[in-house]
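Q: Protein sequence lines, in the order shown, are assigned to chains A and B.
Numbered according to our numbering, the first sequence terminates at residue 122, and the numbering increases by one at each position without gaps.
Numbered according to our numbering, the second sequence terminates at residue 122, and the numbering increases by one at each position without gaps.
Any given hint could turn out to be false.
No distinction is drawn between identical chains; accordingly, a pair holds when it is met within one copy or between any pair of copies.
[Said to hold, decoys possible] Taking lysine to any residue pairs in the SDA-like style, the calculated list, with each CA pair at most 20 Å apart, reads: (1) Lys31 - Gly95; (2) Lys31 - Pro94; (3) Lys63 - Glu15; (4) Lys31 - Glu15; (5) Lys63 - Glu88; (6) Lys55 - Glu15; (7) Lys55 - Val101; (8) Lys63 - Ala111.
Keep in mind the hints are simulated off the structure, nothing from the lab.
2 protein chains.
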Amino acid sequence: MRPLYHPAIEDVTVEGILHALSDPVRVRIFKNIASSECAQTCSTFLEVSGQPIPKSTLSQHFKVLRETGLVRSERKGVELHNVSRCAEIDERFPGLLTAIVAAHQRQLERAQAPGRRRSRPA
Amino acid sequence: MRPLYHPAIEDVTVEGILHALSDPVRVRIFKNIASSECAQTCSTFLEVSGQPIPKSTLSQHFKVLRETGLVRSERKGVELHNVSRCAEIDERFPGLLTAIVAAHQRQLERAQAPGRRRSRPA
């Protein structure tokens with residue numbers, strides 16, 4: 001079985017983080033892992049976006065999160081257990097993840113708010 | 001000539017912003033426009049990454065920045081004049097752009113620093 005690749009923190013890039021978190025499913029997964037006190041298995045997220053995600057797609061999302069340096073995964077039996085690397089990243093890029101997660105949260109709350117202002121043409 | 005599309009600020013998404021700024025050339029262009037007091041023409045950026053960028057590629061980068069909502073472009077003769085939409089975005093997603101630009105700057109400074117720590121295997 002191939003070892004799981006995790007970049008050294010020095011090799012984690014802003015571009016990589018932004019790309020990884022520019023996908024709505026990945027950012028939901030990451031927010032959930034980042035706010036969890038214990039490791040999360042991949043299968044926890046099979047319905048993270050409100051509808052079933054194929055296992056292969058989910059696996060690809062975790063690969064991106066891991067290889068970007070956002071999560072650390074460990075094999076335990078047939079499952080991968082995932083924890084966030086927020087603390088390391090926050091040391092390298094202070095405030096970046098907090099700002100991204102807060103902006104996503106704000107967007108989510110606006111979308112769910114009743115009487116959301118309709119967009120007007122630019 | 002087709003009108004230039006600019007999304008209403010309510011339609012600007014975090015995912016769009018992250019995607020647009022996950023490209024190293026686009027983030028350089030954006031940082032430059034955001035820190036300028038006057039509108040910048042596209043041709044100013046033909047060598048923004050240190051090597052010549054084909055005009056068609058540059059044009060595509062500006063299209064992404066504009067359609068994501070990061071810049072506002074106006075045709076003046078044969079040129080496009082571009083200004084940032086930082087103020088609007090900062091109202092919608094407070095602190096997001098500042099955090100991204102600061103992280104990019106930090107990354108740039110580290111890469112340029114003498115005696116940069118070499119990466120070690122994870």
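Q: Could you run down the list of hints and mark each one as holding or not?
A: Against the structure, the hints come out as follows:
1. Lys31 - Gly95: Answer is both: 15 Å inside a copy and 18 Å across each meet the 20 Å cutoff.
2. Lys31 - Pro94: both (17 Å within a copy, 18 Å between copies)
3. Lys63 - Glu15: both (16 Å within a copy, 19 Å between copies)
4. Lys31 - Glu15: Classified as both; 18 Å inside a copy, 14 Å across copies.
5. Lys63 - Glu88: For Lys63 and Glu88, only the intra-copy Cα distance (19 Å) is at most 20 Å; the inter-copy one is 34 Å.
6. Lys55 - Glu15: So Lys55 and Glu15 fail the 20 Å test inside a copy (26 Å) and across (23 Å) alike.
7. Lys55 - Val101: Neither, since 25 Å and 35 Å both go past 20 Å.
8. Lys63 - Ala111: neither (29 Å within a copy, 26 Å between copies)
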